[in-house]
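Chemist: Here's the letter readout for the chains.
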Amino acid sequence: MPDQDGKRLSFKLVYYGPAQSGKTTNLLALHEQLAPEQKGEMMSMETQDDRTLFFDLLPLGFHAPSGLSIRCRLFTVPGQVAHDGTRKAVLSRADGVVFVADLQRNQETNNAEAFRSLSENCARVGIDLERLPLVVQFNKSDLPSAIPQTEIRERWQSAPWPLHFASALHGEGVRETFASLLGALYRRQDEACGLSREHGLNEAAFVAGLMGTP
Amino acid sequence: MSGAHFDHDWQLGELIDSHELPELAAALARLLGGDLALADGSGRIVWGTASPGARRQAVVIELDPVATLCSASASADALTAAGELLHDLLRTRIRYRMASALHLEVVAEDFASLKREHARLAESEARYRQLASELDARVKTQLAELEERQQMLYAAERLASIGQLAAGMAHEINNPLGFARSNLGSFRGYLQKFAALRDDLDHARAAWQALDLDFLLADGDELLDETLAGLERIAHIVADLKAFSNVDRSSEAYADLNTCLREAAAVIEAQLPAGIGLRLDLLPLPPIVCLPGHLKQAFYNILHNALQAIIDSGRPGTIILSSAAEAGRLTVRIRDNGIGMRPEQLAHAFEPFYTTRDVGHGVGLGLATARSIVVAHGGKIALDSAVDAGTTVTLSFPIPDD
Ligand SMILES: Nc1nc2c(ncn2[C@@H]2O[C@H](COP(=O)(O)OP(=O)(O)OP(=O)(O)O)[C@@H](O)[C@H]2O)c(=O)[nH]1
Ligand SMILES: [Mg+2]
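So the protein lines, in turn, are chains U and B.
Numbering-wise, the numbering used here puts 106 at position 106 of the first sequence, and it's gapless, one number per residue.
Numbering-wise, the numbering used here puts 196 at position 196 of the second sequence, and it's gapless, one number per residue.
The set of hints was computed from the structure by calculation and includes no laboratory data.
Please note: incorrect hints may appear among the correct ones.
[Claimed, not checked] Sample of chain B residues lacking proximity to chain U, with all beta carbon distances greater than 12 Å (derived):
1) Ala99
2) Ala108
3) Arg188
4) Trp208
5) Asp388
[To be verified] Footprint (simulated), chain B over chain U, 3 or more residues, beta carbon under 8 Å:
6) 70-82
7) 88-102
All C-beta atoms in this analysis are idealised placements derived from N, C-alpha and C, irrespective of residue type, glycine included.
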């Protein structure tokens with residue numbers, strides 16, 4: 001449920017996934033590629049070897065035609081199995097989730113494990129996974145050991161979520177993934193937050209506002 | 001509550017507390033040429049007084065100003081630099097605050113889930129404890145029921161064996177009774193002949209001859225002997241029965257096991273069919289404190305099984321009953337060369353109501369009863385058996401050292 005105080009509407013979006021799948025890399029690429037009206041610094045809290053210890057945070061924002069300030073705070077969770085408590089706390093109050101999976105074949109069990117932890121933690125923090133805006137990103141498509149897209153699509157064909165392929169390290173597919181989540185977020189929140197009704201925002205304007213026109 | 005979350009909007013007052021603010025602001029003021037006012041994110045002055053026409057420098061964390069520096073004395077450059085300094089300080093603070101708040105959330109949640117887990121465990125423990133006590137009570141009532149049933153069956157079994165005994169006794173007594181009666185009938189006839197002699201005493205010698213009284217005298221004597229012997233036998237059987245019927249007299253006595261063995265053997269002996277023998281090899285035993293009636297019952301049960309095993313084999317056979325005092329124990333062996341038991345029969349032999357014979361011929365409680373009696377005397381009972389070779393039951397009792 002977004003933070004709303006009349007002048008401001010703040011959404012929390014969480015990048016979730018197994019360790020080393022490229023969540024932090026996604027945020028770094030977004031920080032570089034997005035140009036919304038407001039873009040904060042990226043805050044990272046990591047260990048020496050670049051593993052997220054608490055979270056990364058990237059704040060974005062723009063103003064709706066109505067004057068409403070719309071914010072998105074993008075978080076990453078720590079993917080390492082041991083940090084499940086932190087992962088759960090960071091996930092709390094999320095309005096949308098990008099699940100970043102690692103395309104490498106030897107990561108399949110880790111992906112599945114992480115997805116299961118996502119659904120369990122959602123249940124624990126009171127998020128209804130069925131209604132949560134969620135997109136799935138398969139990252140590291142540049143690697144030779146990556147599972148082919150066709151195979152992934154076939155396997156996930158009955159899943160209700162949008163699927164995206166990315167190479168976050170090379171900045172590919174990151175914007176598309178984010179745009180896709182923003183679309184889902186808009187559709188989920190439009191009614192409740194009066195985005196189109198009160199603030200003159202349609203889906204395209206909402207997405208464009210947070211991404212900035214490059 | 002949402003203010004406590006790590007991801008809420010942090011305010012200046014949460015990042016720099018009221019003790020450190022004056023010191024920090026005073027230092028900044030000195031750097032900025034003396035004039036400084038500090039406002040928080042909402043524009044409210046929290047330190048100093050804003051001079052009219054002062055320059056302003058907002059310090060933005062994430063997207064919004066968290067603080068604003070206002071100074072009339074500072075150059076634009078100095079004010080920007082001071083803003084950067086404060087920004088770095090606040091950014092460090094917010095990282096620290098967010099990390100520690102997150103950590104606290106995790107710990108609190110861990111603690112909460114531990115408490116939930118604990119509550120769950122406590123509840124299930126309570127449930128198990130209740131279950132256990134219910135189970136205990138159930139087992140107890142069932143045991144009591146079982147015991148009661150066993151008692152009833154035991155009584156029934158005893159009745160049956162008493163019935164069997166009675167039938168045997170009746171048969172045994174009937175036989176001597178039959179010939180004693182017929183002998184006495186003949187004897188009356190003899191006496192009538194002597195009466196006829198009295199009527200013809202004048203021709204006594206001729207009448208004596210005619211009545212064949214020499215034979216009557218001789219035979220009469222024999223008849224009386226035989227009858228007396230029969231009555232003697234009946235008296236014996238009755239004595240045995242009396243001894244045996246003492247089984248319920250559950251008083252302890254200082255008794256010789258051999259006496260018990262003899263009495264039990266006497267009862268069995270009376271039931272032995274042709275071709276089956278009973279041999280007693282009893283060595284002297286020290287008397288022990290025991291329940292003689294119960295022990296007799298035990299010995300009788302085992303002897304009865306031995307007899308039945310020989311009958312079942314369809315061959316003649318012998319029951320050998322032996323006793324000895326050896327190695328600090330009294331040992332009694334009852335051996336038969338009857339039909340024997342298969343291993344699975346042997347395994348169940350001491351179970352109440354396990355019988356290899358048809359239901360109704362029951363000796364189902366025989367060995368079970370014998371065992372409980374022996375065990376009650378601190379003794380042991382062992383079975384050794386081979387199919388078609390026979391069975392040996394070995395009982396041993398401790399000799400209390402005095
Ligand atoms: N080849 C390739 N490497 C990638 C890609 N995305 C991320 N990586 C690398 O994968 C490693 C982990 O990336 P991170 O972004 O730190 O992963 P993370 O999901 O944040 O990991 P945790 O913080 O431990 O959960 C880094 O070495 C990245 O450079 C990609 O698209 N292709
Ligand atoms: Mg990371």
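Chemist: All hints, please: hold or fail.
Modeler: Here's how the hints hold up against the structure:
With a cut of 12 Å on Cβ distances, B:Ala99 falls inside the contact zone with chain U, its closest approach being about 5 Å. B:Ala108, annotated as away from the interface, has a beta carbon of chain U within 12 Å; the closest lies near 9 Å. Separation of B:Arg188 from chain U is adequate, the least Cβ-Cβ distance of about 110 Å exceeding the 12 Å criterion. Under the 12 Å C-beta cut-off, the non-interface status given to B:Trp208 relative to chain U holds; the minimum distance is some 126 Å.
The Cβ of B:Asp388 sits about 67 Å from the closest Cβ of chain U, beyond the 12 Å cut-off, so the non-interface label holds. A stretch counts as covered by a chain when three or more of its residues have a beta carbon under 8 Å from one of that chain; for the segment 70-82 of chain U and chain B the count is 3, and the coverage holds. Interface restraint, the segment 88-102 of chain U with chain B: holds (5 residues with C-beta to C-beta distance below 8 Å; minimum three).
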